[in-house]
Amino acid sequence: MIAAVAVVLLAAVLAYALFGGADFGAGFWDLTAGGPQRGARPRAVIEHSIGPVWEANHVWLIFIFVILWTSFPQAYASITLTLFVPLMIAALGIVLRGASFAFRKAVVTTRNRRLFGAGFAASSVLVPYCMGAIVGGIATGRVPTGGRAGDPVDSWINPTSTVGGVLAVAAAAYLSAVYLVWDARGLDQTDMAEYFRRRAVASAVVVAVIAAAGAFVLRADADYLFDGLISRALPVVILSGACGVGALLLLVRGAARGARALALVAVAAAVVSWGVAQSPYILPTNLTFAAAAAPPGTLTAVLAVVVLAAVIVLPGFVLLYVLDRRGLLPEEGVDDVADPDVDRAPDNDPHLHAATTRDSIEEPGR
Amino acid sequence: MVEVIATFGETAVLAAVDPVPWARAQMAFTLMFHIILVPLGVSWAFMTLIANYRAVKHSDRDALMLAQRWSKYMAVTFAVGAVTGTVLSFEFGLLWPRFMGQWGAAFGVPFAFEGLFFFTEAIFVAIYIFGWRRLRPWPHFWTGVPVVLAGIGGSVSVVAANAWMNAPSGFTQNAEGTVVAVDPLRVIFNDAMPLQAAHMVVAAYLVGGFLIASVYATGMLRGRTDRYHRLGFLIAFSVAAVATPIQMGVGDSLARWVYNNQPVKFAAIELVPTTSSDVPETLLGRLDDDGTVSGGVPIPGLASWLSDPSTGRSTVVQGLDTVPADDQPTVRQVNIVHLAWDAMVGLGTLLFLLSAWYGISWVFRRRMPASRWFLRAAAASGVLSVICLEAGWIVTEVGRQPWIVYGIMKVEDAVTGNTGVWISFCAVVVLYLAVGITTILVLRGMSRRFRRAGGFTEHDAPYSPSALPEEPSPTREEAVR
Ligand code: HDD
Ligand code: HEM
Ligand code: HEM
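Here the protein sequences line up with chains V and G, keeping their order. All residue numbers for the first sequence refer to our numbering, where the first residue is 92 and numbers rise by one. All residue numbers for the second sequence refer to our numbering, where the first residue is 2 and numbers rise by one.
The hints are simulated quantities; they were obtained by calculation from the structure and are not laboratory data. Mixed in with the good hints, there may be bad ones.
[To be verified] Here are the simulated SDA-like cross-link-like pairs (lysine to any residue), alpha carbons at most 25 Å apart as the crow flies:
id	chain 1	residue 1	chain 2	residue 2
1	G	K73	V	L414
2	G	K73	V	A131
3	G	K73	G	G446
4	G	K73	V	N203
5	G	K73	G	P310
6	G	K73	V	E138
7	G	K73	V	R132
[As the list claims (entries may be wrong)] Some chain G residues close to chain V (C-beta under 10 Å, calculated; not the full set):
id	residue
8	A83
9	I153
10	V180
Here a beta-carbon is modelled for each residue, glycine too, at the ideal position from N, C-alpha and C.
Just chain G, with the same shape it has in the complex:
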């Protein structure tokens, strides 16, 4: 008995101190949290500017109100995004000091450019958000434009760093493995970067659009169908609906890139234990410990066909077993990757259908779908698109395992020797959950107060003392309906 307890205690202690799983968990948790705020930081400013443009150009009072309120919510999400992002830059060193020590000179380069973009973004976000009451309308509008550009530039730079981990290039090592020369342009413009960055930027617009639209869809389901709510919905949903088909196209190319360049990741995605042709696309299903695939719905030949349509079903897909067991992701990781892949593609397809519904309705009826089911689906689209985003990142990151730098450095060789990581993990989780919940509560509270206030309050009125039209003009009203 005592022995059992002792062994148990020992394993518990060992589990508690082995930094690898804790460091992974902490990195993953903080990244997954930060990434939810990223789409808002990247695309919300763009949507706000659409509303702002309309407001100033057509003296649209509802649009003005929308733009101003969005910018105030943005102040909150931007701040939370900025501070959670900062933690990441601490964590690269705190959790992966050996990785940063060896590769910082190469991997770090994109972040230098990212810093440039974030700096620009932080500056102009502040001017835009705080400038409502005193700046002139058009100059004020223009201070928002750098925010949009910097948001795109920033995310491209960060993703370039991640892409470098997938396709490391642009450096020379000496015999001991030390990096002795770096070509910064090759580091940034590595092979994985163009498609990955494009996929992420489009994702940011897609997720941002659906997230915001879902809030207004919920409001409309609750009977708030005034023009203000409709406008909020239309701007956001239209952005998302344009982004979705593009995202499918980019994703398709990205999948082919992975097929050609990261065969083991691709094998995990498609659940291919041994090299073969005519590989089925297995929906759900799992890899068992004995290396066979069970369950799920196989669609014959589809995975082969998608990998290279020119050779069709005879396309050969490399299996997991083409590399030594040590270089493969574990069975559990394979299953996670595959499930995440199904989630991304499955939900992505649903979102695509929803966008198509919306698009077709506009083309044929010149208005958005009237069905309540459409609104219900739109209300769910925000959460679904976030799941897509998270799932896509899980495919990328877990699919890369056991490598931190693909084919060069393993995660276990990169981790900190610090055994206290489990404590920082717990602290981070508690703090982040508190911040996450509070963010939602604060945003909801703001929305409730905005609603209560109705129009602009004295304190708020933008572009004062310049005046606002009393009512939106009827023709505009029609157009938005």
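The following block holds chain V by itself, in its conformation from the complex:
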């Protein structure tokens, strides 16, 4: 049962990395899209693509926390005790990001949009960096247990954390660029698809370089993890690398169909390889999953929730994505009316004249 919950935890991390990560990455491209004129079109694609889904994607993070604190309470307590600073920054970043994104859609003047856009984009880089740094701190064994706090600075400002943070930002940007190619195609914007394809290729190269450099850092800084990566987790690492190369080749040659799937698998396998490499420890090499696990009653409840989620939430999640990809959830901003004095009475609204009978609104319900 402990193993099952550990797998669920890893799956939640994976889902957050793949779905939430892409949202953060979209923020990165928003940040780098340039001035209001030049960046308008890419930003429109970005907003269109993450608008309806970001809140649902974000719930994966809540799931991670909930699974941690119910099933592995000691690990959660130790992590929050030691990594107070980056977690707090991430929390504030999440507030800034979510609020700015929602506000940006609801305001109209360019100045306000830029303000909230900047808040959204900057926090989209900050949060994944912190998450990556936190993973780095955990994976290198910098989080002690037993109610002791680890070093509040070194636990997240260290070589592995730096690599982890930068890698998280880059991987998020990469994933997101790949998705955005298809989103732009869905909107029939060929030039935007090309725009994001070029960025996908560039970020793929950057990710590869960081990953390679990271290998050296890990060898020096994180014995247990590094050993795990070249032994237990080796097949997954190889899978990740192979898919990454495959995706890159396809992207370079015009982003054929398989590129998106390969990119997804590449990132997913990288996350899984981390999990496999540090097993059986939840906090290498201080606390194993088995030692941290909650009593069986709690684990049963968590697994029951997972089953319920598969029955209730998953169909909804799939529905949301299907509707979103089919363009049935168009961006709902708030229009401005050019002339404030036109307080149009309904009957000279040309639009409503186009309206015919009242039957048509009832018709589909029958």
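Please arrange chain G with the ligands on chain V, whose structure you already have, making use of the hints.
Just chain G with the ligands, lined up with the frame of chain V:
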């Protein structure tokens, strides 16, 4: 002189680094902020669906406009609610790591179910809000229903966790105090949960209704008395007016539960320093450091009578001094609890009278009260109901002090050892105030633009290309008036 400065500096530094008050303040501040958005998240979708139903069923154009605009405001409040809620889940660990380490396996369980509900809510909120233009009317309506159900389920689950802190059950500890067995159902369905959850869900409908109605009441006072504004007012205020009397009933039962199960909290609520019968209900007033009650208006015997009507004024109410001083809330906390109690019950009664006025007018005149005073009171009802909500939570949370898990773990044993909490507290306050103010400004800006736009703009028209009736039918017009 130098010495004075040095001592002063020392105390300042000590005050700055002792994490307990800062952690409490940060937890309280973020919760009190989040809870304002909660009623909107829980009940607004329901009111929107009422308008939506009317729109589709009776081809009511005003109702359609209302439903669509409400859903757009909801997108903003929902997002702010979601992100501030997320901060709370960080904070449980960041501020109370020892609490979570020891009790996470039990206390955490309700949150697993909460996650399920919030997930459902987030998914269907997105479909509903973004689906206006492309989905068919009835399927679109139905995508809103899970939002309502999940909102209720979510708040019940979260409150179950809070209720567990008041009535911990469903776990076994070994000699060292480690939790070795957990019965998840007993954790969720703890003794405090049914009434507390009911009180919160009704509160969400009550506060959501009054908040939204107050916006339309303000508009009507400013002369915007068109059908659109009236409809907005009627839907929201009716929901609140139905919820208010229910809330009084549930609150009454909850108070008796506290009397029976958390006597010290009850003593703080009723300002009872020593055990006695024939205890007066003291309105306002305060507990002094020497343990006597001063000021206020005592109503003889009422507190005893309310605690158990069957024994009337001879009901014995346990005093604060029945537990050691270390296990009592401090005098300051007692006064806060009592004042908050007066605020909740007092304002709750006012809101009840307002609802009664509205109800009586409907019964006898078949329309809402015409008086401007009614509208003025309704315009104030939103803020008053939020104060009620906050006050109720202060009673619950401060009244539990010094315990974090009632009778088992104290707050000071749960707090983080991190001395930098005061910094995160300041950061949180600054960010939240900015977000709060901006939320209000953004919502107002949206409302102004909606008003300017009059009808639907091209971009907006829901259920297009299906058409809308040009004018609401006259009979409907009458009905709403
Ligand atoms: C928002 C409107 C609202 C209104 C009008 C009332 N309450 Fe309330 N009350 C709340 C909102 C609230 C709450 C949602 O804020 C609390 C905090 C925790 C809870 O479960 O509900 C609460 C808590 C709370 C508690 C403390 C429970 C505990 O510590 O476990 C008691 C005893 C009452 N209420 C009793 C009443 C009575 C007798 C009322 C009638 C006059 C009343 N409430 C009106
Ligand atoms: C429903 C879920 C809630 C949970 C699980 C919860 C949990 C907690 C925890 C763990 C603490 C810190 C320990 C303590 O001081 O006792 C706390 C304190 C506090 N909470 Fe809650 N809370 C909830 C809801 C709320 C709400 C909605 C409000 C306010 C509107 C609130 C107001 C406070 C206050 C004022 C304190 C500080 C009490 C003091 O230190 O004197 N709580 N809560
Ligand atoms: C009485 C107490 C509470 C109620 C009724 C409540 C209800 C809600 C609701 C309805 C939402 C959805 C967003 C919205 O509509 O604004 C929400 C968001 C959230 N709340 Fe609260 N909440 C309460 C207290 C808490 C507490 C104490 C926590 C601490 C863990 C919490 C955690 C969250 C989280 C994590 C979210 C975000 C979920 C998402 O991303 O969709 N809530 N809350």
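For each hint, the structure was consulted:
1. G:K73 x V:L414: Between K73 (chain G) and L414 (chain V) the Cα gap is close to 19 Å, so the pair holds against 25 Å.
2. G:K73 x V:A131: 23 Å, holds
3. G:K73 x G:G446: 12 Å, holds
4. G:K73 x V:N203: Given that 25 Å is the threshold and the Cα spacing comes to 18 Å, the pair holds.
5. G:K73 x G:P310: 48 Å, violated
6. G:K73 x V:E138: 16 Å, holds
7. G:K73 x V:R132: 23 Å, holds
8. A83: The hint holds - A83 (chain G) has a Cβ within 10 Å of chain V, the shortest such distance being about 6 Å.
9. I153: 15 Å, violated
10. V180: 6 Å, holds
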